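Given next are the chains, with one letter for each unit.
4 protein chains.
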Amino acid sequence: MTKEIRVGIVGTKFMGRSHSNAFIDVPHFFEVPFTPVLQAACGRNAADLAAFARQFGWKSQETSWEKLVEREDIDLVDISTSNLTHCAIAVAAAKHGKHILCEKPLAMNSTEARQMLDAVQEAGVRHMVAFNYRRVPAIVQAKKLIEEGKIGKIYHINAVYLQDWIVDPNFPMAWRFDAKEAGSGAHGDLNAHIIDLARYLVGEFEAVSGDMTTFVKERPTPDGKGKVQVTVDDATSFLARFTNGAVGTFTATRFATGRKNFLRLEVFGSKGAFNFNLERLNELEYFSLNDPVVEQGFRQVLVTESKHPYVNAWWPPGHIIGWEHTFIHEVRDLLIAIDQKAEVYPNFYDGLRCQQVLDAVALSAAEKRWVTIPAEG
Amino acid sequence: MTKEIRVGIVGTKFMGRSHSNAFIDVPHFFEVPFTPVLQAACGRNAADLAAFARQFGWKSQETSWEKLVEREDIDLVDISTSNLTHCAIAVAAAKHGKHILCEKPLAMNSTEARQMLDAVQEAGVRHMVAFNYRRVPAIVQAKKLIEEGKIGKIYHINAVYLQDWIVDPNFPMAWRFDAKEAGSGAHGDLNAHIIDLARYLVGEFEAVSGDMTTFVKERPTPDGKGKVQVTVDDATSFLARFTNGAVGTFTATRFATGRKNFLRLEVFGSKGAFNFNLERLNELEYFSLNDPVVEQGFRQVLVTESKHPYVNAWWPPGHIIGWEHTFIHEVRDLLIAIDQKAEVYPNFYDGLRCQQVLDAVALSAAEKRWVTIPAEG
Amino acid sequence: MTKEIRVGIVGTKFMGRSHSNAFIDVPHFFEVPFTPVLQAACGRNAADLAAFARQFGWKSQETSWEKLVEREDIDLVDISTSNLTHCAIAVAAAKHGKHILCEKPLAMNSTEARQMLDAVQEAGVRHMVAFNYRRVPAIVQAKKLIEEGKIGKIYHINAVYLQDWIVDPNFPMAWRFDAKEAGSGAHGDLNAHIIDLARYLVGEFEAVSGDMTTFVKERPTPDGKGKVQVTVDDATSFLARFTNGAVGTFTATRFATGRKNFLRLEVFGSKGAFNFNLERLNELEYFSLNDPVVEQGFRQVLVTESKHPYVNAWWPPGHIIGWEHTFIHEVRDLLIAIDQKAEVYPNFYDGLRCQQVLDAVALSAAEKRWVTIPAEG
Amino acid sequence: MTKEIRVGIVGTKFMGRSHSNAFIDVPHFFEVPFTPVLQAACGRNAADLAAFARQFGWKSQETSWEKLVEREDIDLVDISTSNLTHCAIAVAAAKHGKHILCEKPLAMNSTEARQMLDAVQEAGVRHMVAFNYRRVPAIVQAKKLIEEGKIGKIYHINAVYLQDWIVDPNFPMAWRFDAKEAGSGAHGDLNAHIIDLARYLVGEFEAVSGDMTTFVKERPTPDGKGKVQVTVDDATSFLARFTNGAVGTFTATRFATGRKNFLRLEVFGSKGAFNFNLERLNELEYFSLNDPVVEQGFRQVLVTESKHPYVNAWWPPGHIIGWEHTFIHEVRDLLIAIDQKAEVYPNFYDGLRCQQVLDAVALSAAEKRWVTIPAEG
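Residue numbers (my numbering), protein chains in the order written: chain L, 2 to 378; chain A, 2 to 378; chain B, 2 to 378; chain U, 2 to 378.
Each hint can be trusted.
Straight-line alpha carbon distances no greater than 20 Å define the calculated EDC-like cross-link-like pairs of lysine to aspartate or glutamate that follow:
| no. | chain 1 | residue 1 | chain 2 | residue 2 |
| --- | --- | --- | --- | --- |
| 1 | U | K369 | B | E207 |
| 2 | A | K154 | L | D169 |
| 3 | L | K369 | A | E368 |
| 4 | B | K272 | U | D169 |
| 5 | L | K261 | U | E306 |
| 6 | B | K144 | L | D292 |
| 7 | A | K369 | L | E207 |
| 8 | U | K14 | L | E32 |
| 9 | A | K145 | U | D292 |
| 10 | A | K144 | U | D292 |
It is worth saying that the hints were derived from the structure and are not from the lab.
Everything numeric in this text was worked out from a predicted model, so none of it was measured.
Hey, can you work out the whole structure from these sequences and the hints?
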């Protein structure tokens, strides 16, 4: 743990905070090949940036990401901005030979994602997309069940990501509701996560049929004096077929009154099944047809045993971890990959593949037809 | 309770049994205008019929439904057969002036359903489709919440009906897997229920985009010597838009390993939300935005209070009822409607509307496009 | 099923209703050696009695239980009265050679219970106490797990029976709150059930330390004009030691706001554990140390498979049964026992043993010390 | 946030790790008057100590706690050792004018606890016992419900703390199973927590009746060659009466197969009730009699709203926190108290009161009688 890796972060909000915490905490719990040094933080608003840097101990500040990615004292660029700027920052960072951790969704569209992938591959740097839910111990445990054949051939995945923070029609307009800035609404924000998890757990998508809805079509301007049109989706659902024969339903919404961060996966296979809910992320419900019929039932596995993925670094059984721990696991795996010059997943290729599904759903919704996903990214 | 109503039932299996029980038990718990008399039972297999009649006390037996519907000592015909024969029996029964309780789905297709509706309307008899889940106290309570404005404008309904009884690919062929006999598989059997509940709770469907799948394409013949092609769906999912602006996802499957009779509804509106699960049918989860923010949460309402629908007839709070009680409630409401010469719901019009949605989903799946539901039945 | 058994019931209220239903329904679902004939019903209030008899089809009526137990056309006496009268009726019925099904708790105290046991043993009739929760399929399944060694040596049983129907201090006085009539309050009513289940599942009690509380010491008279002293417990908790080394905690209360009929058992052994909740009586939570560590968890077993106890008589998997079904199972087993001249459990000996524990807890609470249970009844 | 507070910690194991993390993370999320400086760590084993200090960045090391508490560059002593040494360290630290955060239970017995309280009061330093569950947001929210009168007069508290880590009889002997080192087993370790929570939420204990059990009386020596007697309890249950009329049952055990860190509170009052489970610590179940009867039910409140206690410092709604966050909250409150020279709770007086209940239960179990708790500490 003598080596250091110098991190430059772009973005000082929600994701900037959770990533900062991860860089700080990771060496306290995991044996990592590098100690992260919080070298430089970058944000557009100088006052916000200063507060952020002071709070987490970032050693220097930049208000231009262009300068940050050029700095020679930066090894790893963390892109925690809104997705509008991901592509430009990533391409520039790659050109300067920086390893990159980029927030999800990778880009505004597949074209950008492809460009980003090309850039990092050309530069030969490590690249990772921050689909942090792949680092929930229960999700990794579910993946193990699949790999061990305990779920069998997968028939169904039903996935929802339900939030309710804009149910109030007077919730004011923001950049997140403007297609030019945000690309899409619930779709890119939430479906991106469950699409990535479906690819991780089930396999590649073959075709989709989607439906995008904007329930509240106008919202008050932030000053409350007028109304502006909402140009992104409030909710997007789609049907999916996978190349391995599985089928799925997906719903992302910001209008599921009472649900805050309710990402639920239900996967059913020929030999077993599992359920997962992000609001109870320390638990995995697992059903096995191998149990005697009269004793079969969904097991409520508390994924806090030292033998469970990542858990050994934490606390004794039953002492649960929180949402932010997924980022610590993510950074741990990235640091190891950088050290070993090995691929780490989900990488920008995964980000591109996810983007292709997102784009296909949007196209499908626009044209009211099924859309096929390209066989390769 | 001095009047009698003489019932003739066609069908001696699962539904014949649950309906028989309902006719017997209803006067023991509810004040009903008629005491049902189990006048005649009809089945094709004489031995099975005799056993069935003896077990439930049916006074006479017929092996021809044509004879049964003609009998002058029958007031009400209960059609508990497979849906292949619903239309013929119902049309004949109507012609003979019998009131009709018909199992779901009403028919093999919309054309038949329309014919049945015409017949009962012409005959001026009472007609009801046995969508018994409209008589679960928790469902009626949910309907009340909607009517009282406590859910507000409905945005989402996510409905699944999950079973797993044919996950085993060696489960042998049966008439239920033959399109000619059964019409469809999970779709007509299971989606019919959740489509009817969606119409009851949310409103009329506008358009659908569906996907039908047969995971196990061949099954062993009952004698185990050969294989036969399965011609119905194992699973059907669809996206839906409602005329009032709500959107929905629906999944029916017989391949959800670990789920036995898992009908789950999740309804989200502008003021509240509710969840329901048939395997815990005495419970309703209800969320209200009217509660103080720090006290908001889904309330696990145990729908066993005397003020809850139908419950006063039963037991004290917390003493749960079972699945079969829904039929008792259904028969109770039908008897009152017959006495009062009033409409009872769901009637054959509802059955037709459900059929139109079922047909539209099937067409949509076949042609890979959205299909619009007729504005009226 | 050609033989008949003629039943005479004493008591027309809650228990009278649920027992009537059981006698009517049992032959519709189970192969029983006798068809119950509802021969005579007995109650003190002639109007109530007439309504009750009409509703369930009792063929004749008696307002004196002394006459009922003498009638030659009665084979089985069902005692569904309050426990004040159990002893007198049972002793008289036994003298007249009637088989007896008696509601719980068996008696007002151990002395009475002993007298009743002597009477039925002398008469050589069948005797059963209506601890109906022994006939919940999930409870019988739990018993099987124990018998098969899957729970191992039992260390803990934590049992609660929580209700809340008299939390309101203005809930008026009734005979149930008068020690002379009722014997005790929550203790005899609710602890009786969980004591019996503990004996069934864990074994014999060795010693107890109890605490009885009356939170609301006076209640309004029914006419609302005065106040009367409550002379029974509102809540009773006790610690227990079993002869096999297990320990337990027990709580019965009518002051658990929000809990309606919440009987929860938690049993932990050296190899496994199970949990049960009467409000979800179709479910059993089962944990096994035999599962691989990373897959261990409480299995939510839906006890509705045809291989589960009693279930084959009912509906397909996932179609739940209700609280009243436990009485149907009870009557089924009693009829078989009568036919086979075999013992049926829980019998009056079990009723006596339960009474001894109830009495010991009451004595312990009064004298503030541990009280030992007699080694035999 | 310019001021610093220099921390010296004694203990490098489980608690040392979670406290270290809290000191590091607290300024990243909360506005605190001091930035903790990890000045010195103390442990008996030099190699373990070095690894611990390196991992969390402790600036210096001591192998003698006597030296640590003397150091002038230490402001706050954190006692994270086993309870055998709490008293000596705390008394010495107080004499040197250090503020003290001490792990629970405060001491080996009430005498020690009294001595510790005297020492800190005489020294005029801040003192806090690390009953960290008082800093679970859901617990603080429950306390608010009580203070706002929403629970009403409390009738019942049923509390359990269930673990299973020594169910295996071959789990080897350790200091924790030796009364001389550990004082007691499950009792001091687990009951201490739920006694403190009961005092926080319900009020002062009046009297107890307890039962202590050792299921596995001998365990293998660590080298596996012999057997040693276990001299502490495996499980301890007790009945309690509170001075305000509430009653309670308490169980702590290490033999609850399948339960890992299952601390469950059930509190029932005249106007409402709540339930809490540490394994789902982001949730609070709350029942209110103020809701309309047909809408009453336990609300599953996800305690992750910015208006919930402590939550505003963390993430958006639905993004759960983990077990260790309770220590961060604890340290935050301690730092503020030190700055404001204000009392912080639970302090050593609370630690003493908890100890008195623990002692009373042990005495009660030994003498098989009820034991009264002193009216004041």
